[in-house]
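Protein chains in written order, with our numbering: chain W, 1 to 418; chain V, 419 to 563; chain L, 564 to 1065.
Be careful, since some hints might not be right.
To be clear about the criterion: a stretch of chain V counts as covered by chain W if any three or more of its residues have a C-beta under 8 Å from a C-beta of chain W, and this derived list gives those stretches [what the hints assert, rightly or not]:
1. 422-429
2. 470-479
3. 519-531
Computed list of lysine-lysine pairs in DSS-like fashion (alpha-carbon distance at most 27 Å, straight line) [claimed, not checked]:
4. L:607 to V:451
5. V:420 to W:405
6. L:607 to W:405
7. V:423 to W:382
8. W:401 to L:586
9. V:524 to W:405
10. W:415 to V:524
11. W:405 to L:771
12. V:423 to W:415
13. V:420 to W:415
14. W:405 to L:987
15. W:405 to V:423
16. V:423 to W:347
17. V:527 to W:198
18. V:527 to W:165
19. V:524 to L:586
20. L:771 to V:447
21. L:586 to V:451
22. W:347 to L:586
23. L:607 to V:527
24. V:420 to W:401
No wet-lab data here; the hints were simulated from the structure.
If you're wondering where the values come from, they're calculated on a predicted model, not measured in any experiment.
The beta-carbon is built from N, C-alpha and C at its ideal position, and this holds for glycine as well.
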Amino acid sequence: MKYLIIGNSVAGINAATAIRQNDTNGEILIVSDEQTRPYSRPLLPNWVIGEVSFSQERMFYRGNDFFEKNNIETLLGKKVESIDTKAKIVSISNSESLSYDKLIIASGANAILPKNIVGIELEGVYTLTNIKGARKLKENLDNIDSIVIVGAGLIGTKMAFDLSKIGKKVVLVELAKRVLFPALDDYAAELVQAELKKNGVEIILNDSVVQLNGDKKVSEVVLASNKKIPCDACLLSVGVVPNTTFVDENIRVDRGIVVDDYLKAFDDCYAAGDVASVYDVVVNIRRPIPILPLAAKEGFIAGLNASGALIKFNGGFAMNSIEIGNVGFISMGLIESDDDEVLEYKKDTEYRKFIIRDNRLIGVILVNNVEKAGMFNWMIEKAFDVSWIKDTFLNSDFGWKYFDKAFRVLRLDRKLKG
Amino acid sequence: MKLVKINEDNCVYCHLCEVACKTEHSISKDIIKAVKKENVLSRCTAEFNYPYSASIMCRHCDDAPCIFACQNGSMHRDERGYVVVNQDTCVGCWMCVMVCPYGVIKQGKNNNDWDLSVKCDMCPDRGIPACVEACPNEALTFEEL
Amino acid sequence: MKDVKTYTPPDFHVIRDPDRCIKCRACVDQCSFDATFYDEEEDKIWNWDAKCVGCNRCAAFCPTEAITIENRTSPYRVNESWGNSNVVGVKKRAAFGGAPVVSMGSDKPYIVYWDHMLINASQVTNPSIDPLREPMELKTFLGKKVDRLEIQDGKLKTVLSPQLEIELPIMFAAMSYGALNYNVIEAMGRAAVDLGTYFNSGEGGLHKDHYKFKGNIIVQVASGRFGVYKEYLDVASAIEIKIGQGAKPGIGGHLPGEKVTASIAQTRMIPKGTDALSPAPHHDIYSIEDLRQLIFALKEATEYKKPIFVKIACVHNIAAIASGVAQAGADVIVLDGFKGGTGASPQVIRDNVGLPIELALASVDDRLRQEGLRGKISLVASGGIRNSMDVVKAIALGADAVYIGTATLIAIGCTMCQQCHTGKCAWGIATQDPFLSKRQNPNIAAQRLVNLVNVWGLEIKETLGAMGINSIESLKGNRLALRGFDLNEKEMEILGILHAGE
């Protein structure tokens, strides 16, 4: 059995692990356009500012002996040009062809380059979703004094804080009325904004970049509001788009590759990770959910299914763990709602918010007291009936003590699966 | 694979499991220094809600969500089969905290001041986990679960 | 408002070494008397000495030996005539207008006769026996013995009275479900089964779950008749009519309302939260004939298959009373001395009323022998049996077996702080509080009881061997095995023993 995996990051590696667990003899080949050992993508901002280096094991997703130990072949530095799902052939650069029995597409997603921004092709414009983009920024870092960051998402906000920390003049521009728009509500976002401002970041909300000016290199950013900001670099972090350019007509693509509940896109062809459009159990639509834990789980299930199992992926939902300076959050699901039951608690620096619909938890924000976040994650995932326990959610010491004995014993003795 | 069974009917909320855990995971292995000087975090947490009390720690799940969530493979399964954190590579991103269905991972720091996920490692240097041995009332027992 | 006229200095001083204290809060969460606190703001643990009862639970748990509990001597000017306890006694009564209630046995410095008796050993003329080589018979039978056996046609014609067979002459004393909690009764039951002996239900009835110990239970019918009904009598191996209790002769049992939970209420068949007061006399026993009637009523109800015990407190005419009880038809007489423990008793009664078991036992044994009744009944002694040698001496003075109450509790954690009546027992023994009760794990407690009684058994065997005896039967009533010292002539006479050296 020949297994071919496109993509050497979280989803791809977990798929390979699952396949090897299920099939000790099959050939596994991972092809990727990245030349490096699989690295931790969330650590790229830290790498850029010099907090970690590629000489540290910390930087990598798996140990040096991972491929050898699991008998996995890799073909690195090769970009997939097209796939033929009927003939089961994948064409890579230099017209090489790879045949497969089972294919897993884990090609991930990369930074959106908004086509409407004039001047986007100038030098000094950076993105930060892969090592290539990160390397470009890191190499020029010393020559940058001031930078405009477009898009206050996870990457943009984190970079804004980190670059300001090392002495750069940072302006963070965001289209929405707050930073981290999908991850936090107004109150929580304001706490982040205060922390950013405290560390020297200038924040411009409700605005967007329409033009980049400069002679060969960007020297000024023009906003929709007509504001002009001088700078010597611009980081675009407005979102990611799945890499699907190489698929054929048998693979449906909406925002990402469309897959069924078993992560299957077509016969003998699976997709997992940031590239796949999966079921979001909180907002009830299919969409790519580019979150690392989900990519790992999807990759693993796709691998199991490709190698003969029939495991359903029950869907996921957005979840984030962020630390900006002294403010640490975990949020998940739907973080604001006018129609549902909302529970809130604010005291000193602690904030707890829960959104409940039909007695099911669908959203959580926790600020500065996050250690029990996973318990709520489980409740959202299992659509747990919280009618009898939701009164205790706002307690700072929420935990197993508020459940009843029968439920506690079932779960702690691991008698209830999951 | 043996695990620590939690028998809440026997727990008297004496915190001796926490003290033993801190001592075992300290450098000095001295009770007083472990707590006062090294500020070791206990991997098990005793909790109380009259008349209930019990000490809760990692269940070493078969399909551990924390391993999937870890961004650089620090959370892994060791040769014994238990889920442990590689303290040299963990960056303290708290993704594992975000997905742990038991809420048993704590936010700590390692010796080099990097943030570090702290959770039960089933005492790799001992035959019986420190908390089990310290419990005076069989509220924590070491058995197949 | 602080009542300064009643100011009595705290009995105990809690000393915490700040260098050793790691603020683990074990002491804070173990203290059931609200004497230990944690101040979150100051990150400090502190105590109210006045509330400390000296149970030592905190010191026992402290992982760094940071706590010392000290007995405070009274800071009042020393007065040998009054003594601290009398001064405090007057102040308390003046302040509260109520009779103070205490628990456990009397702690007053009365003479302990056990400690004035020495045991013989064999040498030369009558060699001692090696208990590791020869079998030592500790087994005994409690019940009415016959004067002689009649055999006809190779078969036994004499009808034998029902007997209680015990592997060794030690049984667990009557301590009610109510005074103690479920877990402790469970432990006593398991230990009794393991050891081949019996535990006594006390006057509180028996929880349904403990019926499983059928075959090892002596049930008590006391003046309140709590929990007495058909199933209760069915599950019993013997039935004990409790006329009196050594710790509080002349008055009835007392379970404070705080300890009457839903389960206790159900078992005792009384309303929840009410004080369970047993009347002083049985209101249907006003003469020895009434007692005889009750004894036979119980025998009828149990088809004459179970021995009937009668428990009497040791009081002045104990010998005459015991004689009457033997004639009334009891199979076993239980003598409860005044050092016995209690879950709750008025302080003055516990400390002033009754007789020591040693004297009572000796005089009852003598009187019954004189009247030719000794063979008709078995004698069980209780009230301050503290070690295996007290058991040996008790048997030598005439007992067939002993009951241990206080020793049973000490074995599972009791430190005799005398707060049982508050229901806040820090060791989880004399409390119904569900959180405190967890402190007694029946597995661990049962094991400790088995350990204690087994070791006492070994020590008794060792001593018997040293005495040249290989069976308890040979020790029973054998006054010559004992010698007294530092006792006056009258005491020696009543005990019926010779002076050391004679």
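Going down the list of hints, with the structure as the test:
With 3 residues having a beta carbon nearer than 8 Å to a beta carbon of chain W, the stretch 422-429 of chain V meets the requirement of three or more and the stated coverage holds. Here the stretch 470-479 of chain V counts 5 residues with a CB under 8 Å from a CB of chain W, which clears the bar of 3, and the coverage holds. As drawn, the stretch 519-531 of chain V meets chain W at 6 residues by the rule of a beta-carbon pair under 8 Å; at three or more, the given contact holds. Between residue 607 of chain L and residue 451 of chain V, the direct Cα distance comes to roughly 18 Å. Compliance with the 27 Å bound is thereby established for this hinted pair.
Only pairs whose Cα atoms come within 27 Å are accepted, and residue 420 of chain V paired with residue 405 of chain W is accepted, the gap being roughly 23 Å. For a cut-off of 27 Å, the pair hint linking residue 607 of chain L to residue 405 of chain W is broken: about 33 Å separates their Cα positions. As the CA atoms of residue 423 of chain V and residue 382 of chain W are separated by approximately 24 Å, the hinted pair is consistent with the 27 Å bound. Restraint check for residue 401 of chain W and residue 586 of chain L: satisfied, since their Cα atoms lie roughly 22 Å apart, inside the 27 Å limit.
A distance of roughly 24 Å separates the Cα atoms of residue 524 of chain V and residue 405 of chain W; the hinted pair therefore holds under the 27 Å criterion. At most 27 Å may separate the alpha-carbon atoms for a hinted pair to count; residue 415 of chain W and residue 524 of chain V meet this at roughly 24 Å. Restraint check for residue 405 of chain W and residue 771 of chain L: satisfied, since their Cα atoms lie roughly 23 Å apart, inside the 27 Å limit. A threshold of 27 Å between alpha carbons decides the hint, and for residue 423 of chain V with residue 415 of chain W the separation of about 12 Å falls inside it, so the pair holds.
Restraint check for residue 420 of chain V and residue 415 of chain W: the C-alpha separation of about 15 Å stays at or below 27 Å, so the hint holds. In summary, the hint linking residue 405 of chain W to residue 987 of chain L is supported, as the alpha carbons are separated by about 24 Å, within the 27 Å threshold. At most 27 Å may separate the alpha-carbon atoms for a hinted pair to count; residue 405 of chain W and residue 423 of chain V meet this at roughly 15 Å. Using a Cα cut-off of 27 Å, the hinted pair residue 423 of chain V and residue 347 of chain W is violated, with the two alpha carbons roughly 36 Å apart.
Between the alpha carbons of residue 527 of chain V and residue 198 of chain W the distance comes to roughly 24 Å, so the proposed pair stays at or under 27 Å and holds. In summary, the hint linking residue 527 of chain V to residue 165 of chain W is supported, as the alpha carbons are separated by about 20 Å, within the 27 Å threshold. Of the supplied pair hints, the one linking residue 524 of chain V and residue 586 of chain L holds, its CA atoms being roughly 20 Å apart against a limit of 27 Å. Using a Cα cut-off of 27 Å, the hinted pair residue 771 of chain L and residue 447 of chain V is violated, with the two alpha carbons roughly 48 Å apart.
For the proposed pair residue 586 of chain L and residue 451 of chain V, the alpha carbon gap of about 12 Å is at most 27 Å, so the pair holds. Taken as a hint, the residue 347 of chain W and residue 586 of chain L pair is honoured in the structure, with Cα atoms around 26 Å apart against an allowance of 27 Å. About 25 Å separates the Cα atoms of residue 607 of chain L and residue 527 of chain V, which keeps this hinted pair within 27 Å; it holds. For a cut-off of 27 Å, the pair hint linking residue 420 of chain V to residue 401 of chain W stands: about 25 Å separates their Cα positions.
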